[in-house]
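Chains as they are written, first to last, in the working numbering: chain S, 1 to 175; chain W, 1 to 175; chain A, 1 to 175; chain Z, 1 to 175; chain D, 1 to 175; chain Y, 1 to 175.
A portion of the hints provided could be inaccurate.
Straight-line alpha carbon distances no greater than 25 Å define the calculated PhoX-like cross-link-like pairs of lysine-lysine that follow [as the list claims (entries may be wrong)]:
1) Z:K116 / Y:K61
2) A:K116 / D:K30
3) Z:K145 / S:K116
4) Z:K30 / Y:K116
5) W:K30 / A:K145
6) A:K116 / W:K161
7) Y:K61 / W:K61
8) Y:K61 / Y:K161
9) A:K145 / Z:K161
10) A:K116 / Z:K161
11) Z:K30 / Z:K116
12) Z:K116 / S:K30
13) A:K116 / A:K30
14) A:K61 / S:K61
15) D:K30 / A:K161
16) Y:K61 / Y:K116
17) A:K116 / D:K116
18) S:K30 / Y:K145
19) A:K145 / Z:K61
20) D:K30 / W:K30
21) A:K30 / A:K145
22) Y:K30 / Y:K161
Residues from chain Y that face chain Z, not an exhaustive set, calculated with beta carbons under 10 Å [as the list claims (entries may be wrong)]:
23) R21
24) H87
25) G159
26) G160
27) E164
28) A167
For the record, the hints were derived by calculation from the structure and aren't laboratory data.
All residues carry an ideal CB built from backbone N, CA and C; glycine is no exception.
Letter by letter, the chains look like this.
Number of protein chains: 6
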Amino acid sequence: MNLAKVEEIKNPLTHLDEHGRPRMVNVGDKSASPRTAEAEGWVSLDESLCNLLSEGASSKKGDVLRIAETAGIMGAKRTWEIIPLCHPIRLDSVEVQCDFQPEERRIYIRSRIRSKDVTGVEMEALAAVSTAALTVYDMCKAVSKNMIIEGVRLLRKTGGKSGEYLATPASGGQP
Amino acid sequence: MNLAKVEEIKNPLTHLDEHGRPRMVNVGDKSASPRTAEAEGWVSLDESLCNLLSEGASSKKGDVLRIAETAGIMGAKRTWEIIPLCHPIRLDSVEVQCDFQPEERRIYIRSRIRSKDVTGVEMEALAAVSTAALTVYDMCKAVSKNMIIEGVRLLRKTGGKSGEYLATPASGGQP
Amino acid sequence: MNLAKVEEIKNPLTHLDEHGRPRMVNVGDKSASPRTAEAEGWVSLDESLCNLLSEGASSKKGDVLRIAETAGIMGAKRTWEIIPLCHPIRLDSVEVQCDFQPEERRIYIRSRIRSKDVTGVEMEALAAVSTAALTVYDMCKAVSKNMIIEGVRLLRKTGGKSGEYLATPASGGQP
Amino acid sequence: MNLAKVEEIKNPLTHLDEHGRPRMVNVGDKSASPRTAEAEGWVSLDESLCNLLSEGASSKKGDVLRIAETAGIMGAKRTWEIIPLCHPIRLDSVEVQCDFQPEERRIYIRSRIRSKDVTGVEMEALAAVSTAALTVYDMCKAVSKNMIIEGVRLLRKTGGKSGEYLATPASGGQP
Amino acid sequence: MNLAKVEEIKNPLTHLDEHGRPRMVNVGDKSASPRTAEAEGWVSLDESLCNLLSEGASSKKGDVLRIAETAGIMGAKRTWEIIPLCHPIRLDSVEVQCDFQPEERRIYIRSRIRSKDVTGVEMEALAAVSTAALTVYDMCKAVSKNMIIEGVRLLRKTGGKSGEYLATPASGGQP
Amino acid sequence: MNLAKVEEIKNPLTHLDEHGRPRMVNVGDKSASPRTAEAEGWVSLDESLCNLLSEGASSKKGDVLRIAETAGIMGAKRTWEIIPLCHPIRLDSVEVQCDFQPEERRIYIRSRIRSKDVTGVEMEALAAVSTAALTVYDMCKAVSKNMIIEGVRLLRKTGGKSGEYLATPASGGQP
Chain S
1 MNLAKVEEIK NPLTHLDEHG RPRMVNVGDK SASPRTAEAE GWVSLDESLC NLLSEGASSK
61 KGDVLRIAET AGIMGAKRTW EIIPLCHPIR LDSVEVQCDF QPEERRIYIR SRIRSKDVTG
121 VEMEALAAVS TAALTVYDMC KAVSKNMIIE GVRLLRKTGG KSGEYLATPA SGGQP
Chain W
1 MNLAKVEEIK NPLTHLDEHG RPRMVNVGDK SASPRTAEAE GWVSLDESLC NLLSEGASSK
61 KGDVLRIAET AGIMGAKRTW EIIPLCHPIR LDSVEVQCDF QPEERRIYIR SRIRSKDVTG
121 VEMEALAAVS TAALTVYDMC KAVSKNMIIE GVRLLRKTGG KSGEYLATPA SGGQP
Chain A
1 MNLAKVEEIK NPLTHLDEHG RPRMVNVGDK SASPRTAEAE GWVSLDESLC NLLSEGASSK
61 KGDVLRIAET AGIMGAKRTW EIIPLCHPIR LDSVEVQCDF QPEERRIYIR SRIRSKDVTG
121 VEMEALAAVS TAALTVYDMC KAVSKNMIIE GVRLLRKTGG KSGEYLATPA SGGQP
Chain Z
1 MNLAKVEEIK NPLTHLDEHG RPRMVNVGDK SASPRTAEAE GWVSLDESLC NLLSEGASSK
61 KGDVLRIAET AGIMGAKRTW EIIPLCHPIR LDSVEVQCDF QPEERRIYIR SRIRSKDVTG
121 VEMEALAAVS TAALTVYDMC KAVSKNMIIE GVRLLRKTGG KSGEYLATPA SGGQP
Chain D
1 MNLAKVEEIK NPLTHLDEHG RPRMVNVGDK SASPRTAEAE GWVSLDESLC NLLSEGASSK
61 KGDVLRIAET AGIMGAKRTW EIIPLCHPIR LDSVEVQCDF QPEERRIYIR SRIRSKDVTG
121 VEMEALAAVS TAALTVYDMC KAVSKNMIIE GVRLLRKTGG KSGEYLATPA SGGQP
Chain Y
1 MNLAKVEEIK NPLTHLDEHG RPRMVNVGDK SASPRTAEAE GWVSLDESLC NLLSEGASSK
61 KGDVLRIAET AGIMGAKRTW EIIPLCHPIR LDSVEVQCDF QPEERRIYIR SRIRSKDVTG
121 VEMEALAAVS TAALTVYDMC KAVSKNMIIE GVRLLRKTGG KSGEYLATPA SGGQP
């Protein structure tokens, strides 16, 4: 067990030093390797909004979703600016998918990030979902403010020393 | 009923024009007035993380919360950069409050924004909560990735032509 | 004739002081008033790209245009960050319109900005067009790099002490 | 012919998936290699502005050009923030050159970017030219608004799987 | 004495609430009024750098100073993004002046900001000086790293309820 | 002696070309290697502020320091955006430490950056100290504006072709 590991056990909140000071943890000893992260979340809609998206304004629904996806991709790239202790990271790909699920009364959002770097991309995946969700809220709030952003979590990650992570249950996207 | 109102009824997704093009809606006819918005949300924690924050690392818990609050305030100020169709807005005050609620197994986040401008600050309140929640996730994820960001919604807004909005039920913060 | 006017005649490059130093000129003596600015520009396409947008990929053409419009709106909001001596400005509305004009072999872009502030929004209108044009280029460059961004200019402005400006001839958009 | 190549032929607008969703395309299979890109463009000036830069204010002309070059360099670095689907990229060098060409009645702008990364720097070269051109416009617009940004295009790129690209005719900079 | 004043006496660190939480203090009760702030600071140079700027490279010295001034102006505009609890503010003018003072062996920097808003512009004036000083450092560090940024302070402010502030002694700029 | 070296001797202000144009110097020939940089600086306090931090408000003092450290870390990451000719750089770790030293009547700030890249991280270390210092100023200025940011300099750097640099005397932090 190496020293870094020992320190991590004694101090599991690694973003704080022994005096509680914030720090961007040292990733200089890690070597770049392929990493992926997937996250999900959704925006719950009330009946009025759900009806509007289902019927009258359905021709525009796609545009709302496309703009939210664009915002999610852009948000993923800026994660390190917004989250204080995140590392700036090279991103190989960012995908964000927003789907209107009328039976679930929600817009479901899923992101997938790929990178070849020394630290993981979990935060980028979560930031993509959060930014897309906020954008959905912004674009629909003139109709109804009874929306709730829910279930924003990491679904899966691969790569890095901590290996694979799989959320349980698998996905809120598959009811 | 004025023309803008008529258009809004025919086209309730006001961020899109009649061809589905995105637009930053015109607020030039509104006059500046005092506005507030409050939002809430929380990060659900698993048992291991909850125990850690309750016991061993409790001296550092406050530091996690303070950094998340700082990030939330900074995130609110950058809402217009991140959300494509938001207006840049003058903010009079931003408050973000993060509390560890061990019985609820969560970190509960609440924001309050005040402004005197021509458009509302709902998005700033929601962005503050989302950014603080992501920061909590980032700082705790070395311990456990089983966190979920939940219940991010507008609690209350005042001011503007649409008047007061109050979420029902009142608040996830008062179980 | 007031002193500021006299100085402007002697030193028409008002963004530089008498020693050639850059400065953000003082707008503190002006009072806020309604202002608008419209700009245009286009991306010339070669035949291969024109054919592709006309036929095979036509179902996606709209998506390219919508994302470019979104980028143009976001770019307008960040003008003051990117252009060194621009003032941060309140924007009341931003509209960006991208149209594929197969007979002109181009994607034509037009922006319109409204504001009620102490300085004009010409730069925001031009930045919106430029950013949308760059985004079109980025999204189409895998097909062909023979694109040229052309004709980016101010079409019209209203408001402010210099009054109305109208470009001659009226618009590249109406061939 | 590999699968990615096949997909690209069927879907040449690679920034959109098969449903028209935006995506930051995956560059994870590419390996870092030296890349360069050069772009050009110019700002057409009317006679009054041309005379002013030639004569009276000539001592300041250099300062206008230097500030535009500085803005162009800074703009290149922020390309990934402004253009929705661009990858964040490591830049090895950025050069932007602005020249007043009185016989052409224009300020001619040329950029050159070098990088060692997995994707090209064409967009950075074009963004550098666009940002410098907008800055020229901003600094001269108090004299005359009859400026047009023209001819913004890629001149040359090297490196990457698509190899060298050379614009025809060679350059607007050599009349 | 109003309540806000009483609270300020009991809690003079107004950026923290009674629990030590950060907050962007409420300026909603203040009315916009003209405000100015001036700041100064300098970069101490060693002999080698001083000689270089005095003699051989003197033709370029002006360019170093102009770029630092440009960076200082841009830095002032982004103060609210960089300093966590600063309010976004409308700036009426920003001036930054960098002078090489060989007898003092330094580059002396002075900024002046004007605004008509509800809160002061001291931080913008200080951020302008700091950013210009860092830029000088960056541009000269290939020659010598023995530079020190010194004396960064507020020289004068006017406007607002706390009235005028004048530093004592008057200015490091007048030896 | 290679050509780059010869050019550097003739033109020691490497951020400017032979015509005085700004440029982001080419680092494409360098190979990535481990680099560190440490910087220091302090905020001098007057007696009133020093007493306040020592006594009455001491419970909040830590919060001021933690927020300044957070801002310093975030500022380091954005160095390349703020300083015109800095390269975007991968940062492996950022540490910022703010200490109240009542006997010195100051808040002392020290930063340490680690990276594995082709260019040094001196500017990041200095930007971290400057941003933390400005944040201290902002949070304390309601008590007293008689603060001065002093002694901001590079303490030590390692790595890169210019090798180690050690400031003399060693550190203002060890009186």
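Checklist entry - Going straight from one Cα to the other, do K145 of chain A and K61 of chain Z come out at no more than 25 Å? => result Violated, because 33 Å separates the two Cα atoms, which is more than 25 Å.
Checklist entry - Hey, K30 of chain Z versus K116 of chain Y, does the alpha-carbon distance stay inside 25 Å? => result Status holds; Cα separation ~21 Å.
Checklist entry - Is K61 of chain Y within 25 Å of K61 of chain W, Cα to Cα? => result holds (17 Å)
Checklist entry - If you draw a straight line from the CA of K145 of chain Z to the CA of K116 of chain S, is it 25 Å or shorter? => result violated (47 Å)
Next on the checklist: So if I understand the rule, the pair passes when the alpha-carbon distance is 25 Å or less; does K116 of chain A with K30 of chain D pass?
Outcome noted: holds (21 Å)
Checklist entry - Does K61 of chain A pair with K61 of chain S here, judged by a C-alpha cut-off of 25 Å? => result The given pair, whose Cα atoms are some 17 Å apart, holds under the 25 Å limit.
Next on the checklist: So if I understand the rule, the pair passes when the alpha-carbon distance is 25 Å or less; does K116 of chain A with K116 of chain D pass?
Outcome noted: Holds: K116 of chain A and K116 of chain D sit about 15 Å apart, inside 25 Å.
Checklist entry - Taken at face value, is the distance from the CA of K161 of chain Y to the CA of K61 of chain Y at most 25 Å? => result Given pair K61 of chain Y, K161 of chain Y is violated - Cα atoms ~41 Å apart, limit 25 Å.
Item to check | Residue hint A167 of chain Y, partner chain Z, criterion CB-CB below 10 Å | outcome: Violated, because the Cβ-Cβ distance from A167 of chain Y to chain Z comes to roughly 29 Å (cut-off 10 Å).
Checklist entry - Given the proposed pairing of K145 of chain A with K161 of chain Z, does the C-alpha separation stay at or below 25 Å? => result holds (14 Å)
Next on the checklist: Between the alpha carbons of K30 of chain W and K145 of chain A, is the straight-line distance 25 Å or under?
Outcome noted: Cα-Cα ~45 Å, so violated.
Item to check | 25 Å limit on alpha-carbon distance, applied to hinted pair K116 of chain Z and K30 of chain S | outcome: Judged against 25 Å, a Cα distance of about 21 Å means the pair holds.
Hint check: violations occur at hints 1, 3, 5, 8, 10, 15, 16, 18, 19, 21, 25, 26, 27 and 28; the rest are consistent with the structure.
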